[in-house]
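The whole structure should be built from the sequences, with the hints applied where relevant.
There are 2 protein chains.
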Amino acid sequence: MRQGKGSDMVDVIMVGTVALDTVKTPFGEAVETLGGSAVYASVAASLFARVGLVGVVGRDFPEKHLAFLRSKDVDLAGLEVVDGDTFRWKGYYEYDMNQAHTLDTRLNVLAQFNPRLPQEYKNCKYVFLANTDPEIQLNVYKQMHKPKLVMLDTMNYWIENKKDALARMIEKADVLLTNDAEARQFFGTPNLVKSGRAFLNMGPKAVIIKKGEHGALLFTDGQCFSAPAYPLEDLVDPTGAGDSFAGGFIGWLAKTDDLSPRNMRKAIIFGSAIASYNAEAFSLNKLQSITRDDVFNRYMMFQDIASF
Amino acid sequence: MRQGKGSDMVDVIMVGTVALDTVKTPFGEAVETLGGSAVYASVAASLFARVGLVGVVGRDFPEKHLAFLRSKDVDLAGLEVVDGDTFRWKGYYEYDMNQAHTLDTRLNVLAQFNPRLPQEYKNCKYVFLANTDPEIQLNVYKQMHKPKLVMLDTMNYWIENKKDALARMIEKADVLLTNDAEARQFFGTPNLVKSGRAFLNMGPKAVIIKKGEHGALLFTDGQCFSAPAYPLEDLVDPTGAGDSFAGGFIGWLAKTDDLSPRNMRKAIIFGSAIASYNAEAFSLNKLQSITRDDVFNRYMMFQDIASF
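Sequence lines, in order, name chains A and B.
Counting from 1, position 17 in the first sequence corresponds to residue 18 in the working numbering; the numbering is continuous, with no gaps.
Counting from 1, position 131 in the second sequence corresponds to residue 132 in the working numbering; the numbering is continuous, with no gaps.
No wet-lab data here; the hints were simulated from the structure.
Heads up, a few of these hints could be off.
One copy or two, either will do: identical chains are not told apart, so a pair holds if it fits within one copy or between any two.
Capping the alpha-carbon separation at 20 angstroms, the derived lysine to aspartate or glutamate pairs in EDC-like fashion look like this [what the hints assert, rightly or not]: (1) K195 with E281; (2) K143 with D258; (3) K195 with D97; (4) K195 with E234; (5) K163 with D97; (6) K91 with E121; (7) K91 with D295.
Encoded structure:
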């Protein structure tokens, strides 16, 4: 059963997880709240563009979350509801908030999920393949008809266990998203500049290395851009930071349909602005209430932080 | 015995160590080369301003190093040559280059050193108190007559062992320089923004948190500036990075005599530019040959790296 009316009018599709998260941080706890890579990315991108979400949930998935996504004009034609329970993640962050510690992962309906894109999504120009098995990412990629921009995320697990498939997927991606640890791990070098350039040589036109509290680096042909992080004094929950960043980034590109390095720099700041809001509250509690004006305001604060 | 003719014409004085370093990195080794905080800071600042160096060496200190410092117009009226051997540091960097590992420290003549400023330095407006015992820093501070800007560096050892004296010195400093680990340690918080603001509340008008490969943060009243790091692919030897940064920073301020937050931002980029050159070769091998034009060129590359 599909949970949307379908549309050939989406600007960008997000393929990833829809989850019920239980998260504990030094500032509190959230139990069975809305989460998942496709959700964070979709809601972030919805500030700029018309989004289609591709994922799976079980019969237990609360209707209120579907209603919330629809209220953000997120198209749900690609969200399957199947027998079984929704994917659940339970974890905590210690005081330094830099790393999520997993207590329990229940794949549930995600275990058998192999996304099939709705027909009307196959011509979409922008697609985000959130972190999952690279063979599944390749399978989704094959269903697309000449997308203009494919953005890829991954994680250390796939570098360790499916590096060949991941390499094949990286060759096809236009924008590769990694964090600093993954970038060092992939090429066995501590130098992020070397890693960034080596990834570019594999095929992508742009490589983004996320550095958490230290911002992000963007490598494009012959250029390097260093984006600052927002100086957040009250970080409450970092869950979804990477995916809301990704959503803001690709949402801005889809809205402007401009893939110049200059516009990618702007997209990174928009992604960072949205991710910084996201970290100010649990789950999507902050993201659900911010407006495009809020994002533009924070964009201007980034300009102030970075100017000299 | 003083090693200089003395001058009331220096713009900035650097109080710190003069060393003979033996350093090993994955890219080679340098044995008994010129080093020390006052040396790196002085040579870096000499690109912009007239520098006086305050420190001590033993009778074994090679004349060629004195000649080199004089060739950079570094005034040596404050450099004492005393009986005994020069301070020596021996260490290595592992592949990630983030942390120096000490193999051997021989304080030698440094053990008894308590700097006495030449009379003609006491009215100097700009002074850098490089890392040492905060009680010695306080002693030097008391010898100055109303300096316009006192910049202070320290290290984890003094936070652990002389925190009260260090706090008294921080209260008197205009610019505090720390690295990220020290900033977190001092206030027992992982959040650098919180630490930066808490340091400001102790007295300094500006706090700089150095983050190595991730750049630096500058906190001034109500403002935060995030400076990028230069994307260095071939880092050869990070020794002296912090002190050449400090020298470039205070050298620019002394040259321009402008302490506005805007000009401090520029000074941070000039310091970062010089520090990035310094890391491209062992000892001062690169610093000795760069010109002010080189520094301006790299400043412009920082503008490109940071702009959006």
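How the hints compare with the structure:
no. : hint           : result
1   : K195 with E281 : between (33 angstroms within a copy, 15 angstroms between copies)
2   : K143 with D258 : neither (22 angstroms within a copy, 62 angstroms between copies)
3   : K195 with D97  : between (28 angstroms within a copy, 13 angstroms between copies)
4   : K195 with E234 : between (32 angstroms within a copy, 6 angstroms between copies)
5   : K163 with D97  : neither (30 angstroms within a copy, 25 angstroms between copies)
6   : K91 with E121  : neither (34 angstroms within a copy, 66 angstroms between copies)
7   : K91 with D295  : neither (30 angstroms within a copy, 52 angstroms between copies)
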